[in-house]
Amino acid sequence: MSENIGSSIHDLACRLWPINRSITGAGVRETLNVLKELLPKLEVHEVPSGTAVFDWTVPNEWNVKEAWIESADGQRIVDFKNHNLHLVGYSTPVDTIISLEELQTHLYSLPDQPTAIPYITSYYSPRWGFCLSHQERLKLKSGQYHVHIDSTLEAGSLTYGELIIPGESKEEVFLSTYVCHPSMANNELSGPCVTTYLAKWINELPKRHYTYRIIFIPETIGSITYLSKNLNHLKQNVIAGFNITCIGDNRDYSFLPSRSGDTLSDRVALHVLKYHAKDFKSYSFLDRGSDERQYCSPGVDLPVATVMRSKYAEYPEYHTSLDDLTLITPEGLEGGFTVLQKAIETIENNCIPKVTVLGEPQLGKRGLYPTLSTKETHAKVRTMMDMIAYSDGTISMLEIAEIIKKPMTEMIPIYRALYDCGLLIDVKEKL
Amino acid sequence: MSENIGSSIHDLACRLWPINRSITGAGVRETLNVLKELLPKLEVHEVPSGTAVFDWTVPNEWNVKEAWIESADGQRIVDFKNHNLHLVGYSTPVDTIISLEELQTHLYSLPDQPTAIPYITSYYSPRWGFCLSHQERLKLKSGQYHVHIDSTLEAGSLTYGELIIPGESKEEVFLSTYVCHPSMANNELSGPCVTTYLAKWINELPKRHYTYRIIFIPETIGSITYLSKNLNHLKQNVIAGFNITCIGDNRDYSFLPSRSGDTLSDRVALHVLKYHAKDFKSYSFLDRGSDERQYCSPGVDLPVATVMRSKYAEYPEYHTSLDDLTLITPEGLEGGFTVLQKAIETIENNCIPKVTVLGEPQLGKRGLYPTLSTKETHAKVRTMMDMIAYSDGTISMLEIAEIIKKPMTEMIPIYRALYDCGLLIDVKEKL
Amino acid sequence: MSENIGSSIHDLACRLWPINRSITGAGVRETLNVLKELLPKLEVHEVPSGTAVFDWTVPNEWNVKEAWIESADGQRIVDFKNHNLHLVGYSTPVDTIISLEELQTHLYSLPDQPTAIPYITSYYSPRWGFCLSHQERLKLKSGQYHVHIDSTLEAGSLTYGELIIPGESKEEVFLSTYVCHPSMANNELSGPCVTTYLAKWINELPKRHYTYRIIFIPETIGSITYLSKNLNHLKQNVIAGFNITCIGDNRDYSFLPSRSGDTLSDRVALHVLKYHAKDFKSYSFLDRGSDERQYCSPGVDLPVATVMRSKYAEYPEYHTSLDDLTLITPEGLEGGFTVLQKAIETIENNCIPKVTVLGEPQLGKRGLYPTLSTKETHAKVRTMMDMIAYSDGTISMLEIAEIIKKPMTEMIPIYRALYDCGLLIDVKEKL
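Protein chains in written order, with the working numbering: chain A, 5 to 435; chain B, 5 to 435; chain C, 5 to 435.
No lab work stands behind these hints: they were computed from the structure.
You may find that some hints are simply not true.
No copy is singled out in the list; a pair is fine if it fits within one copy or between any two copies.
List of simulated lysine-lysine pairs, DSBU-like, C-alpha gap at most 30 Å [as the list claims (entries may be wrong)]: (1) Lys45 x Lys285; (2) Lys369 x Lys282; (3) Lys45 x Lys145; (4) Lys410 x Lys285; (5) Lys233 x Lys369; (6) Lys233 x Lys358; (7) Lys369 x Lys69; (8) Lys409 x Lys285; (9) Lys69 x Lys346; (10) Lys282 x Lys174; (11) Lys358 x Lys239.
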């Protein structure tokens, strides 16, 4: 799978790139329709504007036809058609001629990153504005400018996608990613694109212990909305979950824990990263900034951790036009995909093993141990004996992995061999 | 308050300096009478000699009229009138003429600190003696000396002061300091003087949640006596306490924990010192040496910690005449006062906050959050959001402060704003 | 005792050296008969071949009359008579003439240690073979060789020794050592020889709180056999235990914990080593390799730790003929003996002290404290006061030792003095 998966994910990101996503509107629907081609069972939900969701209200739906600024000589200085980021998110409609001086109060640029268009939104306070590179802004000459934003902010709905892939158990693994950022690659397109291919892989597994709940939502208002509709079910059934974002560049791996920091998700993510990514960066929940803010809030308390490549708000291209399709790479996306895949494999195989005999079993008579005793023991035999030594039916295989300092990926086939010859049972199966 | 408070405390120390305090006697009463001028509600208690107090007995009361040594030519070699430390504490009366050789067995000096008069006592074994600087001692010539101590050791009482400042709650904060050391400044006068001004400040607070119990006692026998009379009440009501000593010099800050090391007092003291005194020195309970020995003894187990400037027994002037009024400074005293003041503010405000909404609250609609989303979040907003994120009703504000790495002093006004708009409640209020 | 005990243990090792021990057979019986001279109450048990013991079966008994290889010219190339290690343990009988080429498949040597004869066994898979130094092996010329092994592998029994030394309590301290390695000194003879002298010392103690259960067994199959016969009794009564092996060389001290790592045995061993052997090496249970594998297996869970000098499998001479009587020394054996002796003294004296008065006791009136208060307190008085300060009846003397950072050996006489004057009681006595 290795070489193809990264390219496939990158291709999907390229296809979704031009769509103008926001927390509501046609762009979200169009994006979900593309994903539905790969995930036919993805269900699209609409929540009407004005719906009360916890402390919030679903806002009006925002759609844009066109938006531009023209100079007095009729030249288009800034045009939304050229880059989605040119328009401040949720800009109200306007059509007026104003002086440069007044226009400046509606412009946003980054003096420290003069070639970058910043990403600015104003969801909950009516406002209009344009974003442009600082070098373009400096070229503006005094005079009158025609400003035109043909947008609508009307009662409509908030749109999100939900995919349930059933398993043997009603217990769920929860994956959440967001689809509300226009034309940014690592933050956000890497998230829904990797998640889509993870969902495909999960769906094709011959056997799943857990049920998988996978959602594509707008950030913040979307997770709040989803929680407000599903909180009890999630609290009762979700045993682990990941917020999937910033998972496609080729640099660091990063880990951001849940609030408690010691959920199964946290332990699984740290275990996988330790073996897959030697030098990953470990953040604190104080560094949070995405939907873990909702999933881990008091009273919600879901076991949701985040594995990333370069963390949001930590890389220079973040929330600018520089976070483009060259920042994410097939290798970067594949690396992120693989870590999450291994995390899911770890969760699926995290039994509570218990040895069925007292004392060490005689592995030799089962062909599992060399018959000649010399000075050395082979590494695999050692791992097997260490697994047995800690399989007391009180701790999970992941906890044993941490104690014996071996990756779960190495232990899973050994567990199966010992299970098959009856030396280990899974206490969880009896619960 | 800042400039005046240090000077006021230093002035009080100067006034108390000449009084000859010991574990009993007129000097303690005179000292408490001075404090009563500042704390009119201070009550003076007398416990008769011979009273059994735990494993101890209140000793006879000691008073001194005069004490001196005269050489054969009638010259006063050593005179108690010149320095209280010249006389060994609890010296029995004597009037005799003896040789230098015999006199030497009653003299105490410090060869390593030749200009210092040492502080020596013999409370529980009858003995007389004089202390002098080693350089004066070396000048003594052989011959006969007239030794005269006009002291009394008679049934009387042990004297201590007690001030109760009531609050809304019957739960108490306990402050203890000692008044039994003659003419030493950091150890001891800084203690009762800072405590007096703390008591004044507490008394003038517009609102107190806790009741304050503040005592001025002789060390060891005084705390044992006080405990033997009040143990059950203290164990039932005291939620935090501090032993106040060595709090006036201008050098280090020091922390000495309670025996368990994890009481509210310990955590408050460490929190305040971390922000107020960057490089404070942290001692072990094994380094104890003052009344925490009694307050933290098995079966007593009060939550009493100690915050100091230079710790007793650790600075060179300790228990000598060099611990004088130049060693304590207005700045040093004010620093000690401020740390204890902040500790009390921390205790008073240590609620158990709980957020009243699920998910993050929409701070924007309450004017608590910028309406425009950009790359940066302001520090104060971040502190507010972190406070909310951990306000799950199971941990105190102090615990949250440690998690989010902010001082309580910064969090208290934010808590009040969130409390006022109904986003946070205090779970403690409902208990 | 010091100079003699090491020599006496070494002498015993010399006497046991020539005997050909294995997991069964005459060599084990002969060894135990020698030990019985020193420990008359040692009981010898026989468990028939074929007995099911947990997941294992007691194997046939192995005995050897002679074993050699002769070259075509009648020269004895290898002779079991010269060194017990020449014969692979549990070699089946054979008498045949074969080519060097075929012979080579039955020979074992160590190219990296060309002068050493390796120690090889094949207990559970029928096989014959010879071990020799690599330099001897290289001298072998092509041609025919007469191979002769006059051994028997027949139904018989597994033999072990057991000594119970009763104490006041039914609770037991368990010591286990093994007697199945032929002609190796640190691993194994140091184990049974030190254990024998420990047993003698325990037997001669004027007073024993605990009962001592001391066994001399073949490794692995012996401990499994012993556990299968005594598991319930051991689980109910054993409060601490040590596996005694590799305890006679003059190099490192080593510690290998129980599986849980926090049993009384672990804490005692670490405490004693900290003061007796400054630079001991601490291993993980993952480095296990002796009978702790059985004693600490899931469902057995005995509190058994291991104190060693150079750990098995870690020193170059291990499991070769280089592990001879020059590797163990009287000093090395005495050091190992002393650590175990102190561990047992620590266990015997590990009371739960509780002070009988509230507040600090007045040590002065009992002559335990200097009557004159000066700047310094003596170290012994400080230890006494620290012991009292932590004697709250909830933690053991060993826990107090760790808190106050003093060795139990220093605290035991102080405890007795305080016990005798009624200031401390032992809460355990009341249980």
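A quick look at each hint next to the structure:
For the homomeric pair Lys45 and Lys285, neither the shortest alpha-carbon distance inside one copy (36 Å) nor that between copies (59 Å) is at most 30 Å. Proximity of Lys369 and Lys282 under a CA criterion of 30 Å is satisfied in neither setting, with 39 Å inside one chain copy and 44 Å between copies. With identical chains, the CA atoms of Lys45 and Lys145 are never at most 30 Å apart, being 53 Å at best within one copy and 76 Å at best between copies. Proximity of Lys410 and Lys285 under a CA criterion of 30 Å is satisfied in both settings, with 21 Å inside one chain copy and 23 Å between copies.
Taking the closest pair of Cα atoms, Lys233 and Lys369 come within 30 Å of each other only across two copies (22 Å); inside a single copy the shortest separation is 57 Å, beyond that limit. Taking identical chains as interchangeable, the C-alpha atoms of Lys233 and Lys358 lie at most 30 Å apart only when they sit on different chains, with a minimum of 22 Å there against 40 Å within one chain. Taking the shortest alpha-carbon separations for Lys369 and Lys69, only the inter-copy value of 29 Å comes in at or below 30 Å, while the best intra-copy value is 76 Å. In this assembly of identical chains, Lys409 and Lys285 lie within 30 Å of each other by CA distance both inside one copy and across copies; the values are 20 Å within and 20 Å between.
For the identical chains of this complex, Lys69 and Lys346 are neighbours neither inside a copy (43 Å) nor across copies (59 Å), given an alpha-carbon limit of 30 Å. For a Cα distance limit of 30 Å, the shortest separation of Lys282 from Lys174 qualifies neither inside one copy, at 34 Å, nor across copies, at 53 Å. Taking identical chains as interchangeable, the C-alpha atoms of Lys358 and Lys239 lie at most 30 Å apart whether they share a chain (29 Å) or sit on different chains (19 Å).
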